[in-house]
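Visitor: One letter stands for each residue in the lines below.
There are 2 protein chains.
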Amino acid sequence: MPKTNRQWLLKARPAAMPSEADFELAETPVPEPGPGQFVMRASVLSVDPYMRGRMRDVKSYVPPVQIGEVMTGASVGAVVASRHPDFKEGDIVEGRFGWQDYARSDGRDAGARKVDPSLAPISTALGVLGMPGMTAYFGLTEVGQPKEGETVVVSAASGAVGGLVGQIARIKGCRAVGIAGGPQKCAYVKDELGMDAAIDHRKARDLEAMTAALGEAAPDGVDVYFDNVGGMTLDAVLARINLHARIAICGMISEYNQAELELAPRPTRALLVQRARMQGLIVFDWLKRYPEGMAQMAAWIKEGRIKYREDVLDGIENMPKAMLRLFSGENFGKQLVRAAPDPA
Amino acid sequence: MPKTNRQWLLKARPAAMPSEADFELAETPVPEPGPGQFVMRASVLSVDPYMRGRMRDVKSYVPPVQIGEVMTGASVGAVVASRHPDFKEGDIVEGRFGWQDYARSDGRDAGARKVDPSLAPISTALGVLGMPGMTAYFGLTEVGQPKEGETVVVSAASGAVGGLVGQIARIKGCRAVGIAGGPQKCAYVKDELGMDAAIDHRKARDLEAMTAALGEAAPDGVDVYFDNVGGMTLDAVLARINLHARIAICGMISEYNQAELELAPRPTRALLVQRARMQGLIVFDWLKRYPEGMAQMAAWIKEGRIKYREDVLDGIENMPKAMLRLFSGENFGKQLVRAAPDPA
Chain A
8 MPKTNRQWLL
18 KARPAAMPSE
28 ADFELAETPV
38 PEPGPGQFVM
48 RASVLSVDPY
58 MRGRMRDVKS
68 YVPPVQIGEV
78 MTGASVGAVV
88 ASRHPDFKEG
98 DIVEGRFGWQ
108 DYARSDGRDA
118 GARKVDPSLA
128 PISTALGVLG
138 MPGMTAYFGL
148 TEVGQPKEGE
158 TVVVSAASGA
168 VGGLVGQIAR
178 IKGCRAVGIA
188 GGPQKCAYVK
198 DELGMDAAID
208 HRKARDLEAM
218 TAALGEAAPD
228 GVDVYFDNVG
238 GMTLDAVLAR
248 INLHARIAIC
258 GMISEYNQAE
268 LELAPRPTRA
278 LLVQRARMQG
288 LIVFDWLKRY
298 PEGMAQMAAW
308 IKEGRIKYRE
318 DVLDGIENMP
328 KAMLRLFSGE
338 NFGKQLVRAA
348 PDPA
Chain B
8 MPKTNRQWLL
18 KARPAAMPSE
28 ADFELAETPV
38 PEPGPGQFVM
48 RASVLSVDPY
58 MRGRMRDVKS
68 YVPPVQIGEV
78 MTGASVGAVV
88 ASRHPDFKEG
98 DIVEGRFGWQ
108 DYARSDGRDA
118 GARKVDPSLA
128 PISTALGVLG
138 MPGMTAYFGL
148 TEVGQPKEGE
158 TVVVSAASGA
168 VGGLVGQIAR
178 IKGCRAVGIA
188 GGPQKCAYVK
198 DELGMDAAID
208 HRKARDLEAM
218 TAALGEAAPD
228 GVDVYFDNVG
238 GMTLDAVLAR
248 INLHARIAIC
258 GMISEYNQAE
268 LELAPRPTRA
278 LLVQRARMQG
288 LIVFDWLKRY
298 PEGMAQMAAW
308 IKEGRIKYRE
318 DVLDGIENMP
328 KAMLRLFSGE
338 NFGKQLVRAA
348 PDPA
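Here the protein sequences line up with chains A and B, keeping their order.
The first sequence begins at 8 in the working numbering and counts up one residue at a time.
The second sequence begins at 8 in the working numbering and counts up one residue at a time.
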């Protein structure tokens, strides 16, 4: 076992697009558990779009990462030492353990939960059977409330959340339209994930083109929009919403690296005319219902009705690079970093 | 009885603020009812902010008025001739009879309903016991969903809808904050309507000032915003919303006369962080529940818990002038025009 703990610290707050220079790799001693604590070793770490928000010094639904602190994020791995009554050595745990090889936790501070490695590869605890999976499941079913025969549009449709949203929409009997970047991702959305239509946002680059593309892909209009990207795409969807449409605001990755907020027409006129709803969602609001969501997703995976795709970089030294891939759209599926082999 | 029917026709589509020159007063013969029709004589006519939208040649939730057509709008008065089985001579009726002294209708085309003149002055069928009253009642209770102890903010708070929203919020056990224009309206909102605080938007003229004023008037943040005005006021409220806030989009009178849409920051970030909801409402969606809403409002009026105020211009020749008062904020209470005395 290594003697040092590699940790990624936040070094600077980027004004626009982050770069690797905004992070610093530190080496510290592997921590020892105190009373009521355990130490876990990360096998797989997650990078997610929300992390960009944590680099900003503004109040959000959780506090920002401070300069010099370990970057926040989820990982999964085995407990390697424990003085905690509920987490034993060898247990597989998932939680917000940060960008580091080893994390010391009392369980609660990291929202730690045990993972059953017999269910699926443990990396899925960071994806389809974790936060992104629950976001897709509860966000679509509770906020989007799709009804059979309706049209559901989802952006970032080949991504960790969007890929699941489109498939759940199909399971619910809806027409699913995915928006993704490039022909390869669009083919994946249609051919692998089974969505009814795909829109390539690299072709539909402006409001007019996106509005036209939506008119073709969603000829009966949009009943539910699950928005992961914000920006112009949202403006275009608003021009296509149906009576009593529901727009679930899950993310706005196209806006995260803007130094200055882009101005846009207010969405209120479209919402008023169509008596439509726009609602923000954060998955933690359904934390108590995770078991229900996990069981449903696991069942659909087993039945072959839900597919997922992982994009894994090797080596914890690649964490910043992995995160930057989210913003360039280079990642294809859930972006992960492998820091160590899965526990035996 | 007069031999001619005075009718206000739409003459031109204004690009920005309408003027009296956009309307034309025509005189036509008083109509006779055909089979299944009746003719009513308007005693009181309503002007409402939505009428500005009907002057625009764009698709909305109802079609626009065509050039040369009678302007759309509601009035109340007596049936003066009838070949309709359900509407008898002398019945008091309210409906979308247009800007004219006499209207011929089959009932359905105007959404006509009978009004009980023993309940309250018949003009209330255009206000507190009509469309504005139902908008306030269903919009606040169904879309705003206020809970005891929460803070409800309403704009155009001395107006036909806003004045009722604030009072219903108080009845529901909420802190009510009204936004109105000028010290006289603000005093009315607090002293007459009993709202807990009033903000004068003529003093809080920009985003910063309005955000600060909201911070003082709603120190615990905003749980429900009932929006009648849109624009900068909405942007300011978004900076003050609480977790799971509900924003009811009822109107945007501050934007109706803009020749070009004003751009603004997207509201999505605030909605996401606070998992808040923004929802458009149009009162016709609760048409089947009007009897329930009417009964409740009538009971509250009888109990002295709901007050209302009318602002009446005399003479149908003043219809355009009355409508323009809505946009200048000159009206104080529900704007009406009296065309003839109430039927005996």
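By construction, these hints were calculated from the structure, which means they are not laboratory data.
Treat the hints with care, as some may be off.
Pairs count within a copy or across copies, as identical chains cannot be separated in the list.
What the hints assert, rightly or not - 27 Å max Cα-Cα, derived DSS-like pairs, lysine-lysine:
hint, residue 1, residue 2
1, 95, 66
2, 154, 295
3, 66, 154
4, 154, 210
5, 309, 328
Keep in mind the model is a prediction, meaning the values are calculated, not measured.
Visitor: Could you work out which of the previously given hints the structure breaks and list their numbers from low to high?
Guide: 1, 4 and 5
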